[in-house]
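Line by line, the protein sequences give chains A and B.
For the first sequence, the positions run 1 to 112 when our numbering is used.
For the second sequence, the positions run 1 to 113 when our numbering is used.
Hints may be right or wrong, so weigh each one.
Unchecked claim - The calculated lysine-lysine pairs, modelled on BS3-like cross-linking and capped at a C-alpha distance of 30 angstroms, are: (1) LYS1/B to LYS68/B; (2) LYS78/A to LYS42/B; (3) LYS11/A to LYS62/A; (4) LYS62/A to LYS1/B; (5) LYS62/A to LYS68/B; (6) LYS78/A to LYS62/A; (7) LYS78/A to LYS11/A; (8) LYS11/A to LYS1/B.
Simulated from the structure, these hints should not be mistaken for lab results.
Remember, it's a predicted structure, so these values are computed and weren't measured experimentally.
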Amino acid sequence: DARVTQTPRDKVTEMGQEVTMRCQPILGHNTVFWYRQTMMQGLELLAYFRNRAPLDDSGMPKDRFSAEMPDATLATLKIQPSEPRDSAVYFCASGLAHWEQFFGPGTRLTVL
Amino acid sequence: KQEVTQIPAALSVPEGENLVLNCSFTDSAIYNLQWFRQDPGKGLTSLLLIQSSQREQTSGRLNASLDKSSGRSTLYIAASQPGDSATYLCAVIWETSGSRLTFGEGTQLTVNP
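Construct the entire structure; sequences and hints are all you get.
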């Protein structure tokens, strides 16, 4: 049963600390997305990659956030330094180009 | 501005009732529209994908329709069950937005036994 996996599932950290979230997309999917969900803003796209190349990171605060795909089986989202306003659930999703997107279980981040 | 709106924000129905969830979008130039389900504290489960050239898609008790010209989609749930209780999200990929999904706020559905 192919699915997107994310680690960690929960992360509590203090303001100023570095946070790294990891995602393993579904094998064969060439497009990987990072979304963030908050009560206030709902679900928003942060960035996405196609064939490991970044296509759109316009939703991401550039000064503190970075996203990479070291290889086809791993995507990372890093926040440095973290701030309380970054507290949210971060979802990774994968798919093929414009087609159906499949979401992972999310990483719940709490920044104190 | 390209926006997705879902009405109502919350809906409570008795078990067994047929129901319709509504989604509207401001720009008809879409690639596709996707319906998701989200259980509390969980990720999103894809329910149905409707491509821009299609009028409807069906999966089990679910039927989603798409009317591009009017900027509307509906998700029909037949014979609702308590296990259908969740938040249902509608999301659109526009022709001008790459592969970005733009989500509505969701409809929180409660099916009472």
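Structure-based check of each hint:
1. A threshold of 30 angstroms between alpha carbons decides the hint, and for LYS1/B with LYS68/B the separation of about 17 angstroms falls inside it, so the pair holds.
2. Among the hinted pairs, LYS78/A with LYS42/B is consistent with the structure: their alpha-carbon atoms are about 22 angstroms apart, no more than 30 angstroms.
3. Between LYS11/A and LYS62/A the CA atoms are separated by roughly 21 angstroms; this keeps the pair inside 30 angstroms, and the hint holds.
4. With a C-alpha separation of about 23 angstroms, the suggested pair LYS62/A and LYS1/B falls inside the 30 angstroms cut-off, and the hint holds.
5. Proximity of LYS62/A to LYS68/B is assessed by CA-CA distance (about 35 angstroms); at most 30 angstroms being required, the pair is judged violated.
6. Only pairs whose Cα atoms come within 30 angstroms are accepted, and LYS78/A paired with LYS62/A is accepted, the gap being roughly 11 angstroms.
7. With a C-alpha separation of about 13 angstroms, the suggested pair LYS78/A and LYS11/A falls inside the 30 angstroms cut-off, and the hint holds.
8. With a C-alpha separation of about 35 angstroms, the suggested pair LYS11/A and LYS1/B falls outside the 30 angstroms cut-off, and the hint is violated.
Consistency note: the structure conflicts with the earlier hints numbered 5 and 8.
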